[in-house]
Amino acid sequence: MSLDDLLGAIRSADADTGDDSDLAAATRLRVARSLETRARGRHQVVGLATAAGILLAGTVSWALATGHIAAL
Amino acid sequence: MPLMAPALTGSNDTPADTDLVTRLRAGERAAVEEVYVAHHAAIRGFARRLVGDTAAAEDIVHETFVALPRAVRRFRGDGSLRAFLIGVAANHSRRHIRSAMRRRRATERLAAREEVSVRTVDATSQLINRQLANRLWAALDALPIEQRVVFVLCEAEQRTSVEVAAIVGAPEGTVRTRLFHAKRKLREMLEDAT
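Line order of the protein sequences matches chains A and B. Take 45 as the starting number for the first sequence in my numbering and just add one per residue. Take 8 as the starting number for the second sequence in my numbering and just add one per residue.
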């Protein structure tokens, strides 16, 4: 076996698989779904963080208004 | 830590690519689709030559385009988007190279068992071809990933050391050194295998 045999095997790795259109379309769909899932996850994190922020601000405001913070 | 940071020099971006990069940075998902349509074949070809396994190569293509909206922040716009994408694909290839290696070893073991039961001339020649291909890929599997990437880009894709240096984000001298060591190791391994 020689380096040329190896190069031949590497270069033919792309040619051996025939028609790629179905595979390319499937991967395109997979990419789109993955990006959508990520975006949804990011929105959920932002939503949860916003809710937690509102809850914290409300609690602090309530504690200030009712004198609970001053009592501490 | 990423294997390499694609930082490209020498402007060969088209205005269309520049527009796409701007839209990618703005987080447009449609821009990822457009980049996929324009560059998927080149990335798939590179991934197949790098790992020698269709399934693993497809996973690399998937991960490259999913990582693109974040990775594009590193793109300085002074090189081609395709070369940048190949760099991203190379960064994501480490895990897939390992899984392709495992699959090849399993096929090799299976082939060794089949060898005893092969009856027809066709099946025998197929088996010999597969074993030869597996041995050749096993030699490539023994290289460190940095050398493997440079070997595939320079020798299989016949890119210049300047182009490869831009893709892998390493100095041209480093690329030549990696290629030299890769070829020397491969020659030794292939001679030992015969």
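For the record, the hints were derived by calculation from the structure and aren't laboratory data. Bear in mind the structure is a predicted one, so any value in this text is a computation, not a measurement. Treat the hints with caution; some may be incorrect.
Cβ-Cβ distance ranges computed for the label pairs, FRET-style [what the hints assert, rightly or not]:
#1 83/B - 89/A: 45 to 55 Å
#2 78/A - 198/B: 19 to 29 Å
#3 113/A - 35/B: 39 to 49 Å
Not the full set, but computed from the structure, chain B residues with beta-carbon under 10 Å of chain A [said to hold, decoys possible]:
#4 64
#5 75
#6 168
So the derived list for chain B, only partly shown, Cβ under 7 Å to chain A, looks like this [as the list claims (entries may be wrong)]:
#7 28
#8 55
#9 56
#10 68
#11 69
#12 87
#13 143
#14 148
#15 162
#16 163
Quick reminder that beta carbons are idealized off the backbone N, C-alpha and C, glycines included.
Among the hints numbered above, which are violated by the structure, and what are their numbers in rising order? 1, 2, 6, 7, 12, 14
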